[in-house]
Amino acid sequence: QEAHRSQLLDHEKLRYRERPEPNRAHSDLLPHSLQAKDLVLHLIALNTPMNGNMRGVRGADLACYQQARHANFRTTFRALLSSHVQDLNKVVHNGDRDTPVVNLRGERLFDSWSEIFQQREMANVPIYSFNRRNVFDDSTWPEKRFWHGSDFSGMRSESGYCSAWRSAASSQVGRASFIGRGLPLLRDSHDSECSRELVVLCIENMSKHNVNKRLGKKRTYFTE
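494 is the number that the working numbering gives the last residue of the sequence shown; the numbers go up by one with no jumps.
Think of the hints as simulated: they come from the structure by calculation, not from any bench.
Please note that a few of the clues may not be correct.
Said to hold, decoys possible - Here are the simulated SDA-like pairs of lysine to any residue, each with C-alpha atoms no more than 25 Å apart in a straight line:
hint, residue 1, residue 2
1, Lys-478, Gln-336
2, Lys-360, Thr-410
3, Lys-360, Asp-331
4, Lys-307, Ala-438
5, Lys-307, Asn-342
The structure displayed is predicted, hence computed values, not measured ones.
All chains should be modelled from the sequences, with the hints used to inform the complete structure.
Below, the structure written as structure tokens:
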């Protein structure tokens, strides 16, 4: 009988034991080296040049998204473009303004996203496309210029974005810059005819580290 009573008491303790503390955010549980690896923003070019008709910013964003998925990225990429509805310097989430910018291979291009708009020189490493071609050397891009529609600070340039990136007419213009090793990204911004086929760059709008951090907080919230 005493043994039976002891078993009942143990059972009650199991039933009414204190609820364990909720798990910390997923990113807090990751090794430091893995967190550092994920705390970057990838800057990658579309696989082919485009004229000024990209079916709007949403069309360019969709191309970035689809090619990133095909290249096995699971973060969201957006086109590095200004238009009448957005400034280029607001494309990336504010929490990543100090996050390093790297190329497809993880080589550092800029020490932070915000450096791009301070006319800092890009590191002497290539920018690659999603299909791993070196944009600076490959003949797929005969013109080493890229569309952006911005001034040097990343603010939209009035009327400088090919009718909201829906025009390939030579009578329309969009802002573009030369692109190359060791140059500021928005250097010598100038008007280019929208019929020209230029590089289009894509950027992660949030680092994988911060995506995981947000998802971890949501998991904790829903399990509490």
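Here is how each hint holds up against the structure:
1. Lys-478 to Gln-336: Distance of about 17 Å is within 25 Å: holds.
2. Lys-360 to Thr-410: Violated. Lys-360 to Thr-410 sits at ~29 Å, over the 25 Å cutoff.
3. Lys-360 to Asp-331: holds (14 Å)
4. Lys-307 to Ala-438: violated (39 Å)
5. Lys-307 to Asn-342: Holds. Lys-307 to Asn-342 sits at ~16 Å (cutoff 25 Å).
Violation of the numbered hints given earlier is confined to hints 2, 4; the remaining hints are satisfied by the structure.
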